[in-house]
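> Next come the chains, spelled out residue by residue.
There are 4 protein chains.
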Amino acid sequence: MVKLVGIAGSLRTESYSHQALAIAASKAQDLGAEVTVLDLRQMTLPFCHGGDYADHPDVAVLQQAVKAADGLILATPEYHGSVSGVLKNALDLMSFEQLDGKVVGTISVLGGQANSNALNDLRKIARWVHAWVIPEQVAIGQAWQAFDEQGKLVDAKLAERLDKLVESLVTHTQKLRPSSVDE
Amino acid sequence: MVKLVGIAGSLRTESYSHQALAIAASKAQDLGAEVTVLDLRQMTLPFCHGGDYADHPDVAVLQQAVKAADGLILATPEYHGSVSGVLKNALDLMSFEQLDGKVVGTISVLGGQANSNALNDLRKIARWVHAWVIPEQVAIGQAWQAFDEQGKLVDAKLAERLDKLVESLVTHTQKLRPSSVDE
Amino acid sequence: MVKLVGIAGSLRTESYSHQALAIAASKAQDLGAEVTVLDLRQMTLPFCHGGDYADHPDVAVLQQAVKAADGLILATPEYHGSVSGVLKNALDLMSFEQLDGKVVGTISVLGGQANSNALNDLRKIARWVHAWVIPEQVAIGQAWQAFDEQGKLVDAKLAERLDKLVESLVTHTQKLRPSSVDE
Amino acid sequence: MVKLVGIAGSLRTESYSHQALAIAASKAQDLGAEVTVLDLRQMTLPFCHGGDYADHPDVAVLQQAVKAADGLILATPEYHGSVSGVLKNALDLMSFEQLDGKVVGTISVLGGQANSNALNDLRKIARWVHAWVIPEQVAIGQAWQAFDEQGKLVDAKLAERLDKLVESLVTHTQKLRPSSVDE
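Chains as they are written, first to last, in the working numbering: chain A, 1 to 183; chain B, 184 to 366; chain C, 367 to 549; chain D, 550 to 732.
To be clear, the hints were calculated from the coordinates, so they are not data collected in a lab.
A few of these clues could be false.
[As the list claims (entries may be wrong)] Straight-line Cα separation of at most 30 Å, BS3-like style, residue types lysine-lysine; simulated pairs: (1) C:Lys530 with B:Lys358; (2) D:Lys552 with A:Lys175; (3) D:Lys713 with A:Lys67; (4) A:Lys3 with A:Lys152; (5) A:Lys3 with D:Lys706; (6) C:Lys433 with B:Lys250; (7) A:Lys175 with D:Lys616; (8) B:Lys358 with C:Lys433; (9) B:Lys186 with C:Lys530; (10) A:Lys164 with D:Lys724; (11) C:Lys518 with B:Lys347; (12) C:Lys541 with B:Lys186; (13) D:Lys724 with A:Lys3; (14) C:Lys433 with B:Lys340; (15) A:Lys67 with D:Lys724; (16) D:Lys713 with A:Lys175; (17) B:Lys358 with C:Lys369; (18) B:Lys250 with C:Lys530; (19) C:Lys523 with B:Lys347; (20) C:Lys433 with C:Lys369; (21) A:Lys67 with D:Lys616; (22) C:Lys541 with B:Lys358; (23) C:Lys433 with B:Lys347; (24) D:Lys701 with A:Lys164; (25) A:Lys164 with A:Lys3; (26) D:Lys552 with B:Lys340; (27) D:Lys616 with A:Lys157; (28) C:Lys523 with B:Lys250; (29) B:Lys340 with B:Lys358.
Everything numeric in this text was worked out from a predicted model, so none of it was measured.
Turn these sequences into a full structure, and let the hints guide you.
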C-alpha cells in the first residue's frame, strides 16, 4: 500500500489550501493509499535555525511521518508569487533523509488568477532534495469562489485535473518508490 | 539621503548571511546611506497567518521600517535551492504597502558551490510586490570558508562584486525612488 | 529622447505577439519615445553558433539597433512554458555589449490561460546580461480572442495594464540610462 | 530495451555540450539502452513558425525519433542564464505528441562557474509538455577545461555524477514508460 503524507502551507483557519488538500487526500484514500495529513495549524513548529529542536517535539513528528512515507501531497497558498514561508520553513526543517526519493504532487491556491509561480518554486525546491515531482500540477485561482459549501471544487474541469493529479501520484509512487521492486 | 533596511533570513547565531549583510550595510553607510538592520534573531515574528498580529508588535516594527525605507538589502541562506522559510515568512508579513517601488539588492549564502537558485526566487518574489531588484546580485558559496576572522570576504573578487552591488543599490535607489525628482 | 527597440519573438504571419508589440510601440511613441521595431519575420537571422556572422548582415543590424537603444520592449509567445526559441536565439546573438544596462519591458502572449512562466524566464535572461527589467509585466492569455479587429486589446483592464507598463518603461528608461545625468 | 534520444543544443563545431552528451550516450549504451543522437549541426531545422514544415524534412526526423523514444538526454549550453535558443527552438518544433510522458535527463555546460539556471528552465519546459525530468541533473562549469583529450571529464566526482544521472535515467525510464507494465 502507498503511504502518503499531506501538508498544506497555510495557517489560516478557513484555509483554501487545506480544503484542496482534503479533496486530494480523500481521493488518494479512495485509490487505496494510506494518507496522513499533518495540519501545521495544530502543530507547533519553530522557525528553522539549524540547531537542536528538542523543545519542539513536532519537528520529530514531521520528520518521522515524512520519512516513513512513500510520497507527499504539498498544497501551498501562493504568497508573493511563491511558496508560503510557512511551507518553506516546514521543508527547511527536513532534508535528504526525509525527502530524497519521495514522489510529490503539488497544488497551489491563489486569491487572484491562477498562475504557476508557486508551483514552479515548489518543484525546484523538492527537486533539490531529490524528490520526484510528478508532471501533473494544479493551481486553483480565485480560491474564494472555487469551493462549494461541501468543500468540493465548483469547476468540474479543475476537479477532474485534481483527481488526475492524485491518480498519477498514487500510480507513480508505486512505480518509483524503492520498495516497489520487491512487492 | 538614501534610507535602506537590511534583513538577513537566517536565525543561526553564527550566521554567514548576517556577516554578508553586515559588510553590505557598512559599505552602504560609507556611501552615505542610512542603514537600519533588522535582526530577525532579535525580533519575535510569528508565522504569517493572515490575521491580526497585535500580540506581535515586531510585525509593526518590521512593516514600518520597510515602509519608511527607499531600498532594501536582502541576504538569504540558500536552503533547498531557494530562499529560507524565515525570510519568505518575513516578506509574507508585508505587502505592496511596504514593498512596492522599493529598490532591492540581493545576496545569497550557501554551504556548497555558489548558485543562483535562491537569488532567482528572491528576485521573482520581490518583483511580485513591484519592487525593483537591481541587476547585480551576489551568491557566496562555501560560506564556511568565505569570511576571515574580521568578517571580511576572503576572495577579493567576490568582495569587489559585493561592493559594486551596494554601489549600484545606493546609486539606483536615488534615481528610482519616487521622491528623487523633488530633491 | 528615449530610444527603444521592440522585438517580438514570433515568426507567425498573424502573430499576436506582434500585435501586442505594436500596441506598446504606439503607446511609447505617444509618450515621446523613438521606437524601432525589428520584425524578425523580415530579417534573416541564423541560429547562434558562436562563430562569424558575416553571411548574415541582419545580425549586425540587430546588434547595432539594440546597442544604440536605451531600452527594449520584448514580446514573446509562451511556448512550452517559456520564451520562444526564436526570441531566445535573437538574444543569444547579442551579449553584454548590446544589452548591459538596457531597461526592458516584457510582454507574453499565450493561447491558454495567462501565466507568468515565459515572463519569469525572460526576466532572468535579461538580468543575466545586466539589463533592468521593470517590475510591470503583462501576460495576454487566450490571445486568439484578446484583440479586436483594429488590433486593440478587448479587455480594458489589460489594455490599461499594458499602457502602464509602457509608461513605466519610458519614465524609468529616462531615469536609469547612463546619460540621464547629463541631460 | 530502453530507447533514448540524445540532443545537444549547440551548433558549435567544438561543442562541449556534444562532448557531454557523447559521454552520457555511451554510458547509457553500456547499460543496455539503445541511444540515437540527433546532431542538430547535421540537421537543417527551421525556426518554429507554427506552419507547415514540408520543406524541412528534418522536422519530421526529429519528431519521429523523439516520439518513438522512451526517454531523452538533453544537453544545453547555458546562454544568458538559460537554455540555448537552438535547443528551445528544437523543443518548440515538438509538442505533447512527442514529449508527453518521456523520461528526461538534463545536462548543462557553461563557460563560467557551474549554475543551475539553464537546468531549471529546461526542467520547467519539459514539465510543461508533461515529461518526467529525473531529479539528478549535472551542470558542467568552466567547460573549456572540463574535458581531457579523450573527451572524458577531468573531474572524477563530476564524471561519477554524470554516470549516476544516466543510471537513474535508464532505470527510471524502464519504471515509468507506459509499456513497462506489459514487459
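> Which of the numbered hints above does this structure break?
Violated hints (numbers, rising): 5, 6, 11, 19, 21, 24, 26; every other hint is consistent with the structure.
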